[in-house]
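The hints should help you fit chain B onto chain A, whose structure is shown.
Just so you know, the sequences run in chain order A and B. Heads up: the first sequence at position 235 corresponds to 235 in the working numbering, and the numbers run straight through without jumps. Heads up: the second sequence at position 90 corresponds to 90 in the working numbering, and the numbers run straight through without jumps.
A portion of the hints provided could be inaccurate.
Estimated spans, in silico, between C-beta atoms of each pair [unchecked claim]:
no.: 1; chain 1: A; residue 1: ILE247; chain 2: B; residue 2: ALA135; range: 31 to 37 Å
no.: 2; chain 1: A; residue 1: ILE130; chain 2: B; residue 2: ALA160; range: 37 to 43 Å
no.: 3; chain 1: A; residue 1: GLN172; chain 2: B; residue 2: GLY202; range: 19 to 25 Å
no.: 4; chain 1: A; residue 1: LEU279; chain 2: B; residue 2: GLU172; range: 51 to 57 Å
no.: 5; chain 1: A; residue 1: LEU120; chain 2: B; residue 2: GLU172; range: 58 to 64 Å
no.: 6; chain 1: A; residue 1: THR232; chain 2: B; residue 2: GLN74; range: 43 to 49 Å
Which chain B residues stay away from chain A? Per the calculated CB distances, all over 12 Å, these [what the hints assert, rightly or not]:
no.: 7; residue: ASN70
no.: 8; residue: GLU108
no.: 9; residue: PRO146
Don't read these hints as lab results, they were simulated from the structure. Virtual Cβ for every residue (Gly too), placed ideally from N, Cα, C.
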Amino acid sequence: MRSAPMHSILFYLAPWELSPTVILVCAASAVLYARGLGELARRGERIGFWRPFSFFLGLALDYAVLQTYYDFLAQHMFWVHRLQHLVLHHLAPVLIVLASPGRAMWAGVPFGWRAAGARLCRERRGFRWIPRFGARLFMLIQHPAIAPVIFVGLIFFWLTPAVHFGAMLNLQRYLAMNWSMGVDGLLFWWLMLAPRSLQGSAALGYASRILIVCLIAVPQILLGAYIALHSTVLFDVYGICGRAWAIAPLTDQELGGLLTWIPAAMMSGVAMLIILRRLLLEESEAQSARKAAAAIG
Amino acid sequence: MWLSQVSRVSWIFGRASASRRHAVKRSTAALAALATLAAVGLAACGVGGPQFALQNVSGLLPQLKFALTNDDGQMVTAKDYRGKIVLLYFGYTHCPDACPTTLTNLSEAMKRLGPEASRVRVLFVTVDPARDTLAVLKRYVSAFGPEFVGLRGDDDALTALSKRYRIAYHREPPDRNGYYAVDHSSAVFIFDASGAARLLAGESDNPRTIAVDLHKLDAS
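Chain A with its partners taken away, still in its complex shape (with noise of 0.2 Å):
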């Protein structure tokens, strides 16, 4: 954006905008990680190579797209605010989530910590509702009626012109608008790809997150449609800010528009192959499990 000489790399990948919390955020979930996988290994637990793999990259992604010039760009140029939300609402939540990173990461907990926590939860008045509180909160969100309804929900509300104009010129609303994206998207995409002995109480039958996954498709594609084809500017925002390069306003809108239609609509096709292969796994184990039950009976 600034004019003369070319900038080296480390100011396209400083923060455009520091923000303390995903920095903090996301060091914390890449320590807790780390240090569980090595928590793990000693209890001679392996984790292997990809399920690593996919945790790092995700969380990756997301902080890039926060916390990088890339943001600058996200928040002058409406295609490329439409791929951020695709980072931040599909792929790097469904990376994450596939890494199943829950067990490591409360295993990186120092023990300490966690003994004290529960001490305060079981002891403490004040902190006892908070447990069962949590709990009722996210049966609430996790709900298999609710969830979906959250996560079109919210690409429809922060789409919706009047609304996206004010989080684009509000720092405070911008932030809420990604943070909300980002947290959705993990909840919605652990409920939907995580195996379902992990998800204990919450624990939602494959059929119906295949069914799900493809009711969601329908209103992205119908939005990205709508978006794509609109002949007249329906986000003037991005013409009263300045645009982060030269583009026709149309060709910006159609372009965010592809990305909220087409790689939206896909990854519902993505999560249905893990479901499918969450389901067979899960078929062919019990199979053996009853073979080996009826060989010992």
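Frame of chain A; chain B shown alone:
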């Protein structure tokens, strides 16, 4: 499968019917309180302030703040313009279309305001400090009227200001004659006398609309 999910809902909202009745009472009270709050809030926003034709950005953008050099070569900050309505616009003097159009509209609006225009300042911040020296800037803005001030800053000051008001500018590669264009924002940010961001005017807003809203802002 879906039935079990339905029963999960009842678990979330509480099992015992007595406690559910209690919860309903409580949530009704909470809803009523929320509705009252919303009504009061709406009344405060809608009836209290004047209605503007321009885009209202009250509360969306931060207070006016900058430190730049004016076209007389003096360092100035937002404090120097406290008590005036400030129109902040980013552009450059070689601009072929957007800047002359917008500045002409603003100049026309100042004429419509008459003596009231003395309480308004139009700050033209150059996004092309390489070509826009203070002398060039002064000659350019004075053509539009006495309320117009050219401001110039170094890269850091300009970047800070562009981040603050979430605007972008971009220098195109130069042509054979060394001429280059700079893409930039089209917005005119309008601040009230206390320095609070209030309105946003664009290229397409006509002088009459702008003058009417500036008058309302001055009167409120």
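Starting from the hint list further up, note which numbers the structure goes against and sort them upward. Per hint list: zero violations.
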